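Got chain A sorted already, so can you dock chain B onto it with the hints?
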Amino acid sequence: MSALKNIFLVGIGVLLTLASLWYGQNHHLLPEAAANSAPLFDSLFNSTITLATGIFLVVEGVLLYCAFRYRKRRGDRGDGDPNHGNVLLEIVWTAVPAVIILWLGLASLDVYQAVYGGADVGGHVHAAMAMGSSQETEAGDPGYAYTPAVLPGKERGQPDLVVQVQGMQYAWMFTYPESGLVAGELHLPLNKRVRLNMTAMDVNHAFWVPQFRLKQDLIPGRETHLEFVPTQLGTYPIICAELCGPYHGVMVAQLVVETPEEFERWQQEQLVAARGENNALAWAGDLHPSPSESAFVQVHQRRLGLSPADLTSLKLPKDSVPLTRTGSLPSAG
Amino acid sequence: MTQLQDNPTFAAAPKASLEPAAEPWWRFFTFSTDHKVIGIQYLVTGFFFYLVGGALATAVRAELATPEADFLGFERYNGAFTLHATIMIFLWIVPALMGGFGNYLVPLMIGARDMAFPRLNAVAFWLIPPSGLLLLASLFLEAPSAGWTSYPPLSLISGKVGEELWILSILLGGTSSILGAVNFITTILKLRMPGMKMDKMPLFCWAMLAASIITLIATPVLAGALILLSFDLLAGTAFFNPSGGGDPVVYQHMFWFYSHPAVYIMVLPVFGMISEILPVHARKPIFAYKAIAYSSLAICFLGLIVWVHHMFTSGTPDWMRVFFMIATMAIAVPTGIKVFSWLATLWGGKIHYRTAMLFAMGFISMFVIGGLSGIILASVPLDIHVHDTYFVVAHLHYVLFGGSVFGIYAGLYHWFPKMTGRLLNEFWGRVHFALTFVGFNMCFLPMHKLGLMGMPRRVAQYDPQFADLNWISSVGAFILAISTLPFLVNAIYSWVAGPKAGDNPWQALTLEWTTSSPPPAHNFYGDPILLTGPYDYGLHSKETLDYLAAQLQSLRELALAEAEPTSS
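Going line by line, the protein sequences match chains A and B.
Residue numbering for the first sequence follows numbering that gives the first Met the number 0, beginning at 0 and increasing consecutively.
Residue numbering for the second sequence follows numbering that gives the first Met the number 0, beginning at 0 and increasing consecutively.
There may be inaccurate statements among the hints.
Below are the DSS-like pairs computed for lysine-lysine, each with C-alpha atoms no more than 27 Å apart in a straight line [as the list claims (entries may be wrong)]: (1) K541(B) <-> K71(A); (2) K541(B) <-> K196(B); (3) K499(B) <-> K541(B); (4) K189(B) <-> K349(B); (5) K71(A) <-> K349(B); (6) K349(B) <-> K4(A); (7) K199(B) <-> K349(B); (8) K196(B) <-> K71(A); (9) K349(B) <-> K541(B); (10) K189(B) <-> K199(B); (11) K541(B) <-> K448(B); (12) K499(B) <-> K349(B).
Everything labelled a hint here was simulated from the structure, so no lab data went into it.
Keep in mind the model is a prediction, meaning the values are calculated, not measured.
Okay, chain A solo, but in the shape it has when bound:
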């Protein structure tokens, strides 16, 4: 009897474990992975989902078992078993979650270090905007310094490309300091380490690329950073994730990951386009896929009452010289 029961329990345990392991790998809850940070995130996420599924199944299973097995039977007016404690059991269900979160904490720390270690993500106050403080004192402020005792980050070396990111209601602006190029969409070369130096012009925004699993707020008066390596060619959305006003939902720009050669060509074209308006006109029609191809853009077009032709003409001032708010609207759409 008891042996049969034990076999039954072990069987259930094996089934639960298998179900959790299976779901941890087959949840289909994440978009594609397109940067070095994404596979690290995904493996941690999958393990967490495996554990969570296991805990979920155990708790809901016991709840349903009790609900069925210990329902009051017709005519039974008695009380249940007056058992009100079991020290061993209590120790077990205090210790097991403690071990699980200890593991998760260490695993998270590991991934955090691998993704962010040494990248100085914690922002510091921007000297230009914060009155009465200078860059020197900020650099010496231990509150913002990265703490090696906790996170012995790897030596990373210099990033291959630095881009200045500015957020404003409701557009993104990307400046490539080496070439001086200013653009409304972010082009990055494949497999190169990129550093984004980010700040906001008006209110808080947040730079989020779901396919990279990275997010960082843009805060006025402060510079924040992200470092990553794009590992997959393609076009991805840059989504504003911090409420920034009524049109927060349309503050979306495109991120294009291309081969280093294509990236160079794009940069050159943009620079040429920025110098002469006629050239820019020619470029906008021919070389670049019309933004209206994306269904998402069409939605915004309809809202703004724009035809694709309007959009193409609107696009010009954005990519050419002075990037104004109206000029960059298509990038928001």
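For chain B alone, coordinates are given in the frame of chain A:
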């Protein structure tokens, strides 16, 4: 134990002469100092605002039923979700739990005549209606639209009138909370009847003690943040305004120093109520009393040092991210202790499927999901991806709806007979539970995937690839909206014409069930007497309980007879 049913004190309706006169309806609109009147005032006011907040939520989901911003439009949408969150937190869950159940139950459970400071108690309640009126007025003047978090600089440029109405409303509500917390702590520590040691107290009182300590420590910081924000807004100072050298991140710290612990203010009393309800309807002692009591205090302490997990993407330094990740994860341990103890309470019981029990068990099943998604949000690298997405919206609703609101409903079905002297209809209660459970999961389960796949929160318009899941979610929200109707009709009808409940319809053992339903002024006939421990189900013989009940009955008659000549 079977004879409990036939026992005059524990089950049968009291004789006509022993029935207290019901409160006349107008007393609920006065400055009453009776904690029972104040408790019901809080609950009814809270429920009214629940309906307002629910209507706003329905409007939000109607907007999100399609990818385009075609129902409310962009500006009004932001006003709707800001007011929805503010109303649900500050005018429904906090007042209903702390003010409503806390006021009604704490003095009765510890054998006190009233709260320690009855007039302060009434003042605390009467701050709630003006607080609510300010928000209702903002619906017609100018809705606050910077989200319930109201981060500067956005909140400084989103309309002065709406923002200031929002600030004033929360300052009033916060003041009310602080006054209430002082009262609860004093009452629980000082007014327990003789013989009721701390470790003989019902677990709801432990939970209220923990929640009140949090309120007392955290709320003043929110008040400070909002007063400084007011100066920035109206007087042009720059505490948080970067264009004048202020730091918007400081506001986030001050805001979350209150608003994360506020989650525990909204869920600890529910933990307490669940610990009361499960033993009664499962006919078993609560499992691991001490572990549950102390885990409330552990949550109280840990809850105060985890707020930065809302700010992992706010340019937060590494050491801070790591510390707050570990602290946040640690909360899983005391919370796990509670959940496992509740399951062990059910194990081996004889579960009566009354509506209160359905909601209590529904609470466990839903809260677990909120707890597990909370673990994901605690981990820095995982949180960074899902922060400010629909995943967070899903998580917080599994905690605050699947947790708090399911718990409030469980409490309402359980204590309605004590409060009104009448029983709610069980059939419509089950309909209510089924609709709530189905609607809730349809509405909020898909949001987990939406957030992970790339849908940010607080957007009126979204990528069409998310249309299907949003449609399911909106249908769920409409079912949820409809689910309140059976409860509303049931509650109103039963309050007026429901069957009489008697003193103790569930054969429960805590003190509030030893007096009449509703209890008389000053709660007990003569002095309250501790007959049994609060959770002694299955521990006493039938003879003992019969004898105790008979003693109680004769004492009550004696007390009434003594009172009669003087009162008439």
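Exercise. Straight-line Cα separation of K541(B) and K448(B) no greater than 27 Å?
Worked result: Violated: K541(B) and K448(B) sit about 53 Å apart, past 27 Å.
Exercise. When you check the alpha-carbon spacing of K541(B) and K196(B), does it fall within 27 Å?
Worked result: 26 Å, holds
Problem set entry | Given hint K349(B) paired with K499(B) - CA-CA distance at most 27 Å | 25 Å, holds
Exercise. Holds or violated: are the alpha carbons of K199(B) and K349(B) at most 27 Å from each other?
Worked result: Holds: K199(B) and K349(B) sit about 24 Å apart, inside 27 Å.
Exercise. Are the Cα atoms of K499(B) and K541(B) separated by 27 Å or less?
Worked result: 25 Å, holds
Exercise. Given the hint that K349(B) pairs with K541(B), does the C-alpha gap stay at or below 27 Å?
Worked result: Since the Cα atoms of K349(B) and K541(B) sit roughly 17 Å apart, the hinted pair holds (cutoff 27 Å).
For this session: Please work out if K71(A) and K349(B) have their alpha carbons no farther apart than 27 Å.
Result: Answer holds: K71(A) to K349(B) is near 4 Å, not above 27 Å.
Problem set entry | Pair hint outcome, K189(B) versus K349(B) [Cα-Cα no greater than 27 Å] | 36 Å, violated
Exercise. Straight-line Cα separation of K189(B) and K199(B) no greater than 27 Å?
Worked result: 14 Å, holds
Exercise. For the pair supplied as a hint, K541(B) and K71(A), is the alpha-carbon distance within the 27 Å limit?
Worked result: Holds, at roughly 19 Å.
For this session: Would you mind confirming whether the straight-line C-alpha gap from K196(B) to K71(A) stays at or under 27 Å?
Result: Not satisfied, since the Cα-Cα distance of roughly 33 Å exceeds 27 Å.
For this session: Given the hint that K349(B) pairs with K4(A), test it: the Cα-Cα distance must not exceed 27 Å.
Result: Roughly 22 Å between the alpha carbons, so the hint for K349(B) and K4(A) holds.
Consistency note: the structure conflicts with the earlier hints numbered 4, 8, 11.
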